[in-house]
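Trainee: With the hints as your guide, set chain P onto chain E.
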Amino acid sequence: MPEGSIWLVVGLGGLVTYLIRLSFIVVIPQERLPATFRRALRFIPPAVLASIVLPELVLRDGALALSPDNHRLLAGLVAALVAWRLRSTWLTIGAGLLALILLSLL
Amino acid sequence: MTASPPHREFLAGVRDQLPLLLGVVPFGLIFGALAISAGVPPLAAQGFSLVIFAGSAQFIAATMVGSGALPGVVVFTILIVNLRHALYSASLAPHLAHLPRRWKLALSWLLTDEAFAMASARYRRGELAQAHWHMLGTGMALWASWQVSTSLGIALGTRLPENLPLDFALPLTFLAILRPTLVDGPSRAAAAAGGLLAVLLGGLPFKLGLVVASLAAVAIGLAVEQLSGRREAEGNA
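Heads up: the sequence lines are chains E and P, in that order.
By our numbering, the letter at position 15 of the first sequence is numbered 15, and the numbering carries on one by one without gaps.
By our numbering, the letter at position 190 of the second sequence is numbered 190, and the numbering carries on one by one without gaps.
If we strip away everything but chain E, and leave its shape as in the complex, we get (with noise of 0.2 Å):
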């Protein structure tokens, strides 16, 4: 691709971005919103968290893996009972990372 039309990919890739990351604070306004729609805005942290997580425990190359070759998994689990119990975020990513390093070496 030539250089001209790769700064252009840059340009309009950029101006997409932001337009979606603009569009409800600044685009749309709020008051237009429908109530059932400002009713379900507090599901979508859990759903998008879970959604992102998830798949990256479980899925290996994009197939299932349920097995305990599957390290991410269990050190995932190590870190989720972390998480529920100490509720800390830098325990949680420790406790993970620790555990996956160590699942390697064995």
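Warning: the hint list may mix true and false statements.
Taking beta-carbon pairs under 10 Å as the criterion, some of the chain E residues facing chain P (in silico) [said to hold, decoys possible]: (1) Trp7; (2) Ser23; (3) Leu33; (4) Pro68; (5) His71; (6) Gly94; (7) Ala95; (8) Leu97.
If you are wondering where the hints come from, they were derived from the structure by calculation, not from laboratory data.
For every residue, glycine included, the Cβ atom is placed at its ideal position computed from N, Cα and C.
Mentor: Okay, now just chain P, sitting in the frame of chain E:
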């Protein structure tokens, strides 16, 4: 209760995103190196990080540029990959509604997966008068780290050792932030549905599985809330 002053919130925002850097910095290094090896000139590779500022979309776009895709197709792909940011925008909009326009423009610019996760954790904690400074701190620290790590990747062509699983820090951080969002039955139902659907739809390209799973999970959360509300009303009758 007195709210923290702006500079405290800003610094707390910078501090809270530190664990994310374990995942973000290697990701930026690899992006810089990958863009160069895909034939993107150094300045344009930095341009991706400066202007688009969205890791996954940048990876896919740089790879497509390298394989000679049409510019319009690459831009359309960036749009699809970043659609999920509309969910983040909708989720944070009520918290930012009172702010002056320049704040909305700046915080929207910084709205990545990581900034959204940190902001939704912050807005859950209360004392919100200066909470936008927290999001600014998180967003600016992530943005600066992304620029520096991209530059280093461009300059060094770094290949990180594969056995150092630092990318795992990102899902782990999201897991830690997920915990306090599970406040009742409907929110737990939304999380369970989102996770399971995202696994089932994991094969969809361009992160579409994440978008479809999240939207369906939000609807399921609403439906469970509706049903349990009705049951409670009947119980009280």
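Trainee: Failing hints, ascending?
Mentor: 4
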